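With the hints as your guide, set chain B onto chain A.
Chain order of the listed sequences is A and B.
Under the numbering used here, the first residue of the first sequence carries the number 19, and numbering increases by one thereafter.
Under the numbering used here, the first residue of the second sequence carries the number 1111, and numbering increases by one thereafter.
Simulated from the structure, these hints should not be mistaken for laboratory data.
Model, not experiment: these values are computed from the prediction.
Please note: incorrect hints may appear among the correct ones.
Pairs of lysine-lysine residues, derived as BS3-like cross-links and limited to a Cα-Cα distance of at most 25 Å, are as follows [stated by the list, open to error]:
#1 B:Lys-1222 with A:Lys-106
#2 A:Lys-225 with A:Lys-28
#3 A:Lys-91 with B:Lys-1156
#4 A:Lys-91 with B:Lys-1222
#5 A:Lys-91 with A:Lys-28
#6 B:Lys-1222 with B:Lys-1156
#7 A:Lys-91 with A:Lys-106
#8 A:Lys-24 with A:Lys-225
Label-pair ranges, simulated between beta-carbon atoms [what the hints assert, rightly or not]:
#9 B:Ala-1213 with A:Ser-216: 33 to 41 Å
#10 A:Ser-341 with B:Ala-1213: 42 to 50 Å
#11 A:Trp-179 with B:Arg-1157: 36 to 44 Å
#12 A:Glu-167 with B:Gln-1178: 30 to 38 Å
#13 A:Pro-56 with B:Ala-1170: 43 to 51 Å
#14 B:Ala-1170 with A:Thr-122: 26 to 34 Å
#15 A:Ala-130 with B:Asp-1123: 38 to 46 Å
Ideal Cβ placement from N, Cα and C applies to all residues, glycine included.
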Amino acid sequence: MTTIDKATIKRLPTGVAGLDEVLGGGLPEFSFNVIAGPPGCGKTTLSHQMMFALATAERPALYFTVLGEPPLKMLRYQQQFAFFDAAKVNACVHFVNLSEETATGDLKNVLARIVAEVERHSPALVFVDSFRSVVLAQDSPSSFISLQEFVQQLGMMMTSWQATTFLIGEYFTDNDPNPVFTVADGLVWLRQSTQGNSVVRKMEIMKMRGQATLPGLHTFRIDGNGIRVFAPPVMSDNEAGAMARPEGRRLRMGVPGLDEMMGGGLPRGYSLLVAGPTGAGKSILASAFLAEGARNGESGVIAAFEQRPNRSRGPFLAELIASGRVGVIDARAPGLSVDEIATLLIAEVRRLNASRVVIDSLSGFELALAPTFRDNFREALSRMVLALASTGATVLMTSELEDRFDDLRFSPYGTAFLTDAIIVQRYIEVDSRLLRIMAVAKVRDSAHSNELRLFSIDDKGIRIGEMLPDYEGLLGGRPTQRVPAPRSP
Amino acid sequence: MNPLRSIQADGADPRGIADAAVAVWTAIDGALSPVIGARGNAALYKRSLHLARAQHPWLAAAYDGAVQPGDYSALRAALAQQAATDASQAQDALLRIFHDLLADLIGRSLTKRLLQAAWSPHSYGNAVQDDSP
Chain A
19 MTTIDKATIK RLPTGVAGLD EVLGGGLPEF SFNVIAGPPG CGKTTLSHQM MFALATAERP
79 ALYFTVLGEP PLKMLRYQQQ FAFFDAAKVN ACVHFVNLSE ETATGDLKNV LARIVAEVER
139 HSPALVFVDS FRSVVLAQDS PSSFISLQEF VQQLGMMMTS WQATTFLIGE YFTDNDPNPV
199 FTVADGLVWL RQSTQGNSVV RKMEIMKMRG QATLPGLHTF RIDGNGIRVF APPVMSDNEA
259 GAMARPEGRR LRMGVPGLDE MMGGGLPRGY SLLVAGPTGA GKSILASAFL AEGARNGESG
319 VIAAFEQRPN RSRGPFLAEL IASGRVGVID ARAPGLSVDE IATLLIAEVR RLNASRVVID
379 SLSGFELALA PTFRDNFREA LSRMVLALAS TGATVLMTSE LEDRFDDLRF SPYGTAFLTD
439 AIIVQRYIEV DSRLLRIMAV AKVRDSAHSN ELRLFSIDDK GIRIGEMLPD YEGLLGGRPT
499 QRVPAPRSP
Chain B
1111 MNPLRSIQAD GADPRGIADA AVAVWTAIDG ALSPVIGARG NAALYKRSLH LARAQHPWLA
1171 AAYDGAVQPG DYSALRAALA QQAATDASQA QDALLRIFHD LLADLIGRSL TKRLLQAAWS
1231 PHSYGNAVQD DSP
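Only chain A is shown next, with the shape it has when bound in the complex:
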């Protein structure tokens, strides 16, 4: 049998950012879906957003409202979203209120009205909001068919009418084997997870017949444009090609002398970790990295997690941002997830065709995350770094390093292993002065300097100085002068 004999399932783009990826390529046409979740989790918004995106004159939509939320209020609030197109109402989007039929307590009446409206409008999309009211109606003694029969008949009818259908329901619980779930082709579960004072919205595709969905809980956000889902960053096959790093091409760091220490600059597509104590100059190094790119006509993206991003950026970086050469990821929203930042970063990298990405800093990043995501920070970060690398961009991450002089550690997250290069900065005490030293600890597959070099920061940025050959124990923070050695004249 050839594949031509198989039924082709068309996948509809939902119009909800990130949802098509999570669904595994879009919404299967003619599927019978349940959108479930507690009140206020975004079910009605999700439904409206998909409906307004999908409805056309050739593909009209029917939206049945059943008791629950008064339709007037629903229309009042839903039209606040950018996707709500009043011109589509009564043209290709038809709202139908079923409260009279539901009030009779007989699901047969509800079904009959749905059938009548479907025959009248021949919709390609049907929504029933909310199903909870239908469920309540079945408890009425005057009902002649059971909920199960109702759902089965509805499902059968909609499939033969070639309508993609959504039942929007409250009050379902995961552990209640509701008959609706068996009949449904797709089951989208929305939740709000609370930890401490932080509330995060999450979506799970618990079932979607005929296609591979992205498993797991995916965070989403609701703003004026509607719902945006943050799927975990993935590498597409053609992007993986970017992983094959073109040899020879290295990026200059923008700090005189540092390129030589790194064996000629940072190889393109690498991820670099700059680790050091507070105030050592990590952010300045990151700014220099972006500024150097801008000088060469490259654009960059920065996700800054500092408390006062505008002040700490410095005038030169602020200018690059103002001129649009460097894109900024707004990392101040509450309840952030790594996937969200990754999605925003990758979108911005694509938009600007950026070659340089800065994340400043991982410590601030972790603090900005909703508590519920902190446990998985390492895994999620590793996914993000890989996905960023697959875009071909070169990534510089800074990491706040507690000055611990008894050991040499690069990051508290064990992130050092997933970066291709590491620069470490330290404070040392010499002659009653606090000096800074810097060293290149790692550049994968490349020769690099092993020198510990003094450096200073002035108006022009970072200046790399000499080594301190006469001292030892620099990494311990309190170097000692070596026994006087005979000096050459």
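For chain B alone, coordinates are given in the frame of chain A:
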């Protein structure tokens, strides 16, 4: 037919005004009830009567008589008992209040969109025609 236009032109006979008014309300009911529910529409209508009776106290009878959604017989009776000018002014005020209430709730654009079906049930989906003089 544009219900928001004064129906005074329809004739000086209060009974004729009452019939024309009820025809308008029935058309609005037909356009809105499927979308916002018969009860939703009835609640808006009743609230409009309540607000309009501040200017036209005799509308109280229509208010008290508005019990069943879609039943405008009390309004018809109340209008028919008034002088033609009073009746048409009250109906105009009632419609304006109803329209403004709906527009406050769901915005002017959607209100226009939904009520369009009341004046021209066959023009679903076409651009709104401005048939005012």
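Is 30 to 38 Å respected by the C-beta to C-beta distance linking Glu-167 (chain A) and Gln-1178 (chain B)?
Given range 30 to 38 Å: holds, Cβ gap about 32 Å.
Is the hinted pair Lys-91 (chain A) and Lys-1156 (chain B) satisfied, with a Cα-Cα distance of at most 25 Å?
holds, 18 Å
Does Lys-106 (chain A) lie within 25 Å of Lys-1222 (chain B) when you go C-alpha to C-alpha?
holds, 12 Å
Next pair to validate is Lys-24 (chain A) with Lys-225 (chain A); report whether the Cα-Cα distance is within 25 Å.
Within the cut-off at roughly 22 Å; holds.
Given a hinted range of 26 to 34 Å, is it respected by the beta-carbon distance of Ala-1170 (chain B) and Thr-122 (chain A)?
holds, 33 Å
25 Å Cα cutoff - pair Lys-91 (chain A), Lys-28 (chain A)
Violated: Lys-91 (chain A) and Lys-28 (chain A) sit about 34 Å apart, past 25 Å.
Could you check the hint for me, namely that Trp-179 (chain A) and Arg-1157 (chain B) are 36 to 44 Å apart, CB to CB?
holds, 38 Å
Distance restraint evaluation - Ala-130 (chain A), Asp-1123 (chain B), Cβ atoms, bounds 38 to 46 Å
holds, 43 Å
Given the hint that Lys-91 (chain A) pairs with Lys-106 (chain A), test it: the Cα-Cα distance must not exceed 25 Å.
Roughly 18 Å between the alpha carbons, so the hint for Lys-91 (chain A) and Lys-106 (chain A) holds.
Are the Cα positions of Lys-1222 (chain B) and Lys-1156 (chain B) separated by 25 Å at most?
Roughly 20 Å separates the two Cα atoms, so the pair holds.
May I ask you to test the hint 43 to 51 Å on the CB atoms belonging to Pro-56 (chain A) and Ala-1170 (chain B)?
Hint holds: Cβ distance 44 Å, inside 43 to 51 Å.
If I claimed the Cβ atoms of Ala-1213 (chain B) and Ser-216 (chain A) lie 33 to 41 Å apart, would that claim hold in this structure?
For Ala-1213 (chain B) and Ser-216 (chain A) the Cβ distance comes to about 39 Å; the hint holds.
Violated hints amount to a single one, hint 5; each of the other numbered hints is respected by the structure.
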